[in-house]
Every structure is written in C-alpha cells, then in structure tokens.
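*Asks:* Chains as they are written, first to last, in the numbering used here: chain U, 97 to 210; chain P, 75 to 192.
No lab work stands behind these hints: they were computed from the structure. Each residue gets a CB set at the ideal place from its N, CA and C atoms; glycine is no exception. Hints are not guaranteed to be accurate.
[Claimed, not checked] For each label pair, taking beta carbons as the anchor points, the in silico distance ranges come out as:
| hint | chain 1 | residue 1 | chain 2 | residue 2 | range |
| --- | --- | --- | --- | --- | --- |
| 1 | P | Thr156 | U | Ser176 | 47 to 55 angstroms |
| 2 | P | Glu161 | U | Ala97 | 20 to 28 angstroms |
| 3 | U | Ser180 | P | Met119 | 24 to 32 angstroms |
| 4 | U | Ile209 | P | Lys138 | 41 to 49 angstroms |
| 5 | P | Thr131 | U | Ala125 | 44 to 52 angstroms |
| 6 | U | Ile209 | P | Arg84 | 28 to 36 angstroms |
| 7 | U | Glu116 | P | Gly90 | 15 to 23 angstroms |
| 8 | U | Lys157 | P | Arg188 | 19 to 27 angstroms |
[As the list claims (entries may be wrong)] Here are the simulated DSSO-like cross-link-like pairs (lysine-lysine), alpha carbons at most 30 angstroms apart as the crow flies:
| hint | chain 1 | residue 1 | chain 2 | residue 2 |
| --- | --- | --- | --- | --- |
| 9 | P | Lys94 | P | Lys115 |
| 10 | U | Lys202 | P | Lys115 |
| 11 | P | Lys115 | U | Lys157 |
| 12 | U | Lys164 | P | Lys115 |
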Amino acid sequence: AQSVTQPDIHITVSEGASLELRCNYSYGATPYLFWYVQSPGQGLQLLLKYFSGDTLVQGIKGFEAEFKRSQSSFNLRKPSVHWSDAAEYFCAVGGGSGNTPLVFGKGTRLSVIA
Amino acid sequence: GAVVSQHPSRVICKSGTSVKIECRSLDFQATTMFWYRQFPKQSLMLMATSNEGSKATYEQGVEKDKFLINHASLTLSTLTVTSAHPEDSSFYICSALARIKGGNQPQHFGDGTRLSIL
Chain U
97 AQSVTQPDIH ITVSEGASLE LRCNYSYGAT PYLFWYVQSP GQGLQLLLKY
147 FSGDTLVQGI KGFEAEFKRS QSSFNLRKPS VHWSDAAEYF CAVGGGSGNT
197 PLVFGKGTRL SVIA
Chain P
75 GAVVSQHPSR VICKSGTSVK IECRSLDFQA TTMFWYRQFP KQSLMLMATS
125 NEGSKATYEQ GVEKDKFLIN HASLTLSTLT VTSAHPEDSS FYICSALARI
175 KGGNQPQHFG DGTRLSIL
C-alpha cells in the first residue's frame, strides 16, 4: 500500500538557519514525489516535484529536495529560512502515468523565530 | 502557470442545506479532477476522482449520495454536499490534472473551500 511518513509534526527554526523536512514513502512502483506548502486557510502550492532523472530537484522559493531510492526518502531542504516560510508542508506520492490521486503525509508545521 | 479556481472560498450555512462547490481549471483542460477533504490540522484525504464525461470514483467510506460530483466539462467539476450536517464541516480542496499527451504533470490545487455547517 502507498504511504507517506513525515516524522516531524512540528519544527521550529531560527530565521536564516537551514532547514530539512523529512519524508519517507512506501510505493510499489516508481514513485512520483511532490512537496506542497499550505498557508493557513489556503490551498496547496507546489514547491517541487520529482518524476525521473536528476535526483536533486530544485523548486520555488529556494527549496530543493533529494530523492534517495535506497532510503525511500525525499527530504526537503532550504539553506536559509525566511519568516515567510512558516507554513504547513506536505510530502505526497503518486505514480503510474501521473493520472492517479496523491497520497499525502500528515504534514510538518514549520515555525520560524527571529 | 496552471491555475485552478475554487469557489466559494468559504460557506456558512444551516444544517440540512445543500452546498455546491465549483472547481475550474482556468487556463488548461483537465480530464481528471480530484476532491480532497482536510480536517483541522490533518492531512488531505482523497474523497473521489472525477473524470470528464463519466461517473466519479469514490473512495471507500465516502457516501456517493452525500457528496455528488459532476464533471460536465473539461474545465469544471462540482462537488455538492447534500443535506449538510455539522459533521460535514471541513476544508474541501480540489485538484486538476492537465490534459497533456504523454509526459507527466503535477496536480494543480484550488485554494480550498471552508465549509461550516451550523
């Protein structure tokens, strides 16, 4: 069965510090992996995606993620966090032709302190 | 970029009312749209998959007669919560997949609808 685990429910970092949000997945075939960000009361915005090719993918807002098949992981990173990055982050996995619904992790809430 | 518009953004209504939520792809055709539900501080749970011109496929535990889905065109899918009750209060989000031959594309999400049933 497909599943996504985000081990950290809540992370607090100082502004300017580096960030890594963890994501592990379980999927029977080649996974398509996504990171979305959600601000309170808002929809989801796609940060980045991995379909194939280079395992280090660059996204918007300075985020990047690395696909590690051996670890079934797709961790999200940012070298220097800004206060505006405070939000909920969701990792998701899909597959096949892409015409499949996504399975989401439970999310990690990021708080940024001065 | 691909834009998905979801309307209304917020609804407050009395118990027993039926509420329709629209999901539109503004600058692309979407053969498939998905409807998710999100409870407070929880993740998104898939409710149903909506394909243009055919019946929606509902996830286990989702009442088809309660949550009516219509995907009448390549740019519009609607979710109607019939005879809504307080337990239907939630955040509903749609997503759409662009109609592109071959290749892979991500789902594009609407901004969600906050439904509150009094």
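*Asks:* Going through the earlier hints one by one, which of them does the structure break, listed in rising order?
*Replies:* The structure breaks hints 5, 7; every other hint is satisfied.
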